[in-house]
Each structure stands twice: as structure tokens, then as C-alpha cells.
Amino acid sequence: MSMYPSHFAEPSLKKETNRSSASHIPVKAATNDLSDSIFYGELKNKLIKYITKKGNKSLARELLTETFETIKRTQIERLILAGTEKENIIIDSEQLLKNAIENARPLLQLSAIKRGGVKYQVPVPVTEKKSYFLAMKWLLDAAREKDRKVHLPEKLAWEILDAACGQGRVIKKKNDLHRQCESNRAYAHYRWS
Amino acid sequence: MFRKQFGNLSRVSTHLSRNVLAARVASREAEMSTNAAPAEAATAPPVVNEFRTGVGNPGEHSEVQIGKFYTIPMQEKKQIFSGGGLPKQYEQQIKTFTEACLMVRSPALELLNYIKRADLSKPVVRYVLYGDNGVGKTLSMAHVLHYGMLNDFLLVHVPWAPNWMKRPKESANSASQEGFIDLPFDAAAWLVHFKTQNSKLLERLQLKTSKEYVWSKRESTPAGSSLIELVEHGIARIKYASETTAALISELKQLATAGQCKIMVAIDGYNAFFHPITRIFSDNKQRVSPDRITLTQPFLDITNYDWTNGVCILSVDKIAMTEGYMESYLPRYLLGKEGFEHLDPFVPVHVGNYTEKEFTSYIKYYLDRHWISKTQPGFEEQLKFMSNMNPYTLMQLVRGL
Amino acid sequence: MRIPGALYAARGRKPQNEKDVPFQEILPLRLKNTVSGKADSGSDVACLQEMGVLFACLKDNEFVEKYCHKEISQFQKCYKFYMDRKFEAKQTVNQGIVQPGNNLNYKQLNKYMRRFPNPQ
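Residue numbers (the UniProt record's numbering), protein chains in the order written: chain A, 1 to 193; chain B, 1 to 401; chain C, 1 to 120.
Derived from the structure by calculation, the hints contain no laboratory data.
In this text, all values refer to a predicted model and were calculated from it rather than measured experimentally.
Glycine included, C-beta positions come from ideal geometry on N, C-alpha and C.
A few of these clues could be false.
Derived CB-CB ranges, DEER-like [said to hold, decoys possible]:
(1) B:E110 - A:G83: 39 to 49 Å
(2) B:P73 - C:K70: 51 to 61 Å
(3) B:M326 - A:Y40: 24 to 34 Å
(4) C:F116 - A:T127: 37 to 47 Å
Let the sequences and hints guide you as you build the complete structure.
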């Protein structure tokens, strides 16, 4: 629940806001993770929030930066090794993250619905917001499932690179979910939500 | 919310074809396991453009080259810096960029100028590099070291002196001096470093020891044996490494004074030798101050002015101190009374943040190496603002871009 | 002599004495002043056909989404349309503007009935 009444407007990140036309609309206060820096990315910000444990956001930010650094180093190495086909290699790690998340987004989801005392796993379409959440969660889960000695940024970088190419555990997880949905498609009409 | 960002990005239009992917994954395994960067830049001829200079010899650098990058050949880099001497992150950067590039900056040029004009027959001049955290003291020193190596100086280089006080590998009671502490492994490591830096020059100069050193009843190094033998003895018999270091340095001083060789002393984090708080403990669990460590004495000795034919480049650093002693980066504060008096007539060289020209040059270099991939309009301004043109901060900021 | 049962049946059974069984009013004997909104929510099963088409396509292409671009976008469009409409419907219900007519939703009905409650 928001502490603001519903007629409050979202804060704007642009430096110059055209407020003359809407000066009578009250605006919510900006949260402290917003920034008008040109390096600010909404998706990046969201992922930082998901990485955070016990409110230690500065650590999460550091981890994501390190992830991006690892990705960049690997991609530059590939670029040097590639020789001729250099156009195919994306070095921008944020772009790679976007690609990875786009590739990992599920279309459907299984939800347990009780009918006649039996729980059925019913395929249900997911909303856009939830699909982004699931993609990022899977990426992180895959990255956290690792040896104790492996550093999270390293593993996360691998998962992102894999997913951006359309392979790896996250993509497999998504495909498995789709497969399960397909095998349970007979229950689809049980859905209520 | 995300629709804004992803509006034109269709989720399935991975522009990469499947074959390319498979090949890439296969090659990735090999790449990552070795992490080897090909050394193709080592053989390529030097590129000259607005941020690079073809002049590879630091002796020829002048005001014209300020703010430009010059390349250290991989082999020379390996010879000078394999035992340390470049910051860890800079080493990583070198590996990623597959070339060892240093920027020509005014503090290093100033130092080089002094060294070139110095009269070596006079007692040694001590130069002290000082500056705030992360401004490039170590890299300025690296630039001068490269000059020293190319101009037949024997390098007596301590990559980071506080390592001995803060994280010694092993400490033992000294056999020869009562109440002193030996750091045998660190001393041996330093001897290895000395050997890799100077083995070629030592072979050429054929320097001999002046007196006999007796290590124990059975072991001794006779007078007239070469310095390499002395060093190798120290490396092989780690127990005597500290004493070997002391012997080596006193020999070097004598040889230099006699005019047989010229020596460049470079010690990073020199103020650690005067900071009373260390992490070495004696047998009765008391902190050992640096003057009770056998390794300290030879290096204090060689920074004295009682010898000729050499130069001393020292750097004082805030992070060589421990917590609570980092208020200022000025030499008087960091060295303390004792250290300041030890060095007293010295030439201070201030290392500062980037100038406007150096900053733009660095950004161009990063762009050339594909290190910055977000080039929205105004990104330079923003980086300048966020880093305050501090080299280390800039490096940290650019990491994730 | 036996009396045939048909004779009793014609007279019927003797009624209960009301004093023996007093009337108990378990629930109040009048209608409530409100109706619940359950029936208005309607069926939630939407986009079944699109989902079927999508499943068929995915199965044919071994779950590689790249080849089912059209089906995916259609499915998502359908779901989005459905959600939007549901949201709008909820919005209009929440506004609760009472207008004359016989096709009223539960909120409007409740408003009416609050004006004309059952006598106590």
C-alpha cells in the first residue's frame, strides 16, 4: 500500500520537467535509490534490490558492478580472440543483462488450484511484471547455487552470459516450466485467476 | 514500468544465430580455464595517435608527451614487475587490454628530469613522492623504474614495504642479533625479485663481494664471489635470507661508491619503516616495532646519504599506516619526526589528480580499448564530476560501465 | 373388524398442536438489505484458445520460442486485453455511479437498497 493518495504523480527523473501544465498535481517524494545520472538504469536498480540481503544495498551494488566488470572482461577477451566476426559480440554488459532477462522471461506459470479435494497444477498466464521478476529471480537463484569458494559476481556473470546467448540453466528452467504447462494443458479451464 | 525500456526489444529476436553460439560456448570453456590473454600487442608496432606516443624510452619523454600513453614491451614489464610493483587492478587491466601502457605524467617527468641532471658523484639525493590516495604514486614510480632499467641502474626495488609489517608470511627470532625478528620468507621473496630485475645487468657487470660472509660453521660465501652467488645462497637457504639481504645491500653501497655500478633505490610505502604499529608479535606477545626487524635496517641504511652513484625514490602513502594515523598525506606527518630527520634534505615530488588533458586522454584510451561501452552524451562530464579526476576513483567508476 | 386404511387416508392426519411445537425464527424472516458481489465476477478462464494454439506451436518446435513469435504475441495481447478489461470493469464498479435501468451491478444495487431498506 502506498502512503500517498492515488492522485499523487510519480517523481520524474528528468532534470527539466515541464511542470507548467501540471503544476497543480502533487508529486510523490523521490526514493533515495533514484538518480538522474546517465548511468542509471531501472532494470539495474531492480536487480540490485533483488540481490540485497539484510538491507546491505551498498554491497549489492558493489556485487553487480563486479558482475558487469567480469562480463566486460570476458567479452573483451572474446573480441580479441574472435578475429573476423567482431560485430556479433556485445560488450555493453547492461545490454547483455537486458538480453538475458528477455530470454529468460516465462510466458506461463503453474498455480495450484483445488477442485474437488484434489490440487491441480493449472497453467496460468503471467503478467509482464511478474515475468520480469521471475526471470531475475531465476538468474539469481542459479547464481547463488554454487560452490562456497566461487564468488557470486563470477557465477552471476556466467549465468547472464549464458542466458543472453539463449542457453544455460535459467533458459532450461524456463523451458521446463513451459513443458510442464503443456502437459497440464487439460486443466487450463480450471483457472480462476 | 519496464515497457519503456524494452519496447523495441523483442524477446525472441536474439540476433545471434545458433551455430555461432555453440562455437562460442565451446571456446569459452578453454578461454576461462586458462584466462590467457594473447600477447599480440607485444609484437605490434607502436601506434601513434592523439593519446598514444611512439616513444617507448622513458629517457626521451618530455613535455610534448604529457598525457599520452607509451607501451612497455611485455618482456621488460615481466622483468621489472613480475615480483610486484604495479597495483593489482592495474595488472588486471593490462591483462585485459593485452598491452602494458603507462601514461606519461608530470610527476614522473619531473623526477626523470632531476635524475638525468643529477651529479652522481655527489651523495645520493632522496626524492619523496607524496600525494593523496589513488593519485598514481606507484605508477609514477613504475615509470621511473622503467627508465632505470633501460639506463643500466641496478634496481633495489621494494614493491610495497608495508607488506612486511602488516602481513608477514613468517616471523622468527633472529639468530645473529639478540631481540630482533627475522622475516625469512619475505626476505627471500625480495631476493628473488631483486634477481629477476637485475640478473642480466649483474652478469654483465661481474660485481664481486669485498669480504667473506660466514653464515654458519659450514656455510660461508668467500670474498670475491659474485653477487649472484650471494643472492642465490639467500634464496636457497631461506634461514639466512635476511642476513643475505643486509650483506647484499652493504655490498651494493660499497660497489656504487667505488663507481662500479649505479643504483636506483625505489621503495613504495617507505613510511611503514617508521610507523610503530605492526602486526608482528614477539615471543612474549608484544608488538614489534619496525626498528626491531632485521629487514628494516639495510633499507634504512641504503636511504642514507653516506654513499654516491645512486638515486633514491621513496614514496610515502597514507595506506601504509594503520587506522587512526591517516589524517594527512604530507611527508612530515607520515614519516614522523624520526623518519623526517632520517631523510632530511630530500626533494619532495607531489603527485596530484589528473589534469583536464590527462583525463580526456584516459577516457579516449578506455574507449579505444572498449572498456567504456556507455557513451551517452555528457558521460565524460559526469565521470569527471563523480571521480573528481582522481585516477583510482575513475578506474572504479568505469568498471561497471 | 379391520378398518381399511383408505378410510383414514381420506380424513388425513390430525394436525399438530401449535402449542406443542412453537415457531422458532432461526434466520430473520425478511430479505437482507445488501447483495453480495460474487456472481458479478464472472468466469476467469480467458484466452483458452490462444493458449491451445501456443502449446501446439511450442510442442511442434521443441519449445524454442523463436519460432512461435506470432502465437506468443497473440497470446500476450489476448491476456493483456482481458486484464485491461477486468481492470476497467472493476474501476467502473468502484466508481459506483447510480444510474437508472435494470442492468445494475452489486454496488449500485446496494446503494439503491440502502435508500429503501426493509422495515424492521
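Hints and how they fare:
Checked against the hint of 39 to 49 Å, the pair E110 of chain B and G83 of chain A passes, with Cβ atoms roughly 43 Å apart. One distance hint, 51 to 61 Å for the beta-carbon pair P73 of chain B and K70 of chain C, holds here, with the actual separation near 58 Å. A beta carbon spacing of about 32 Å between M326 of chain B and Y40 of chain A agrees with the range 24 to 34 Å that was offered as a hint. Between F116 of chain C and T127 of chain A the Cβ separation comes to about 41 Å, which falls inside the hinted range of 37 to 47 Å.
In summary, this structure violates none of the numbered hints.
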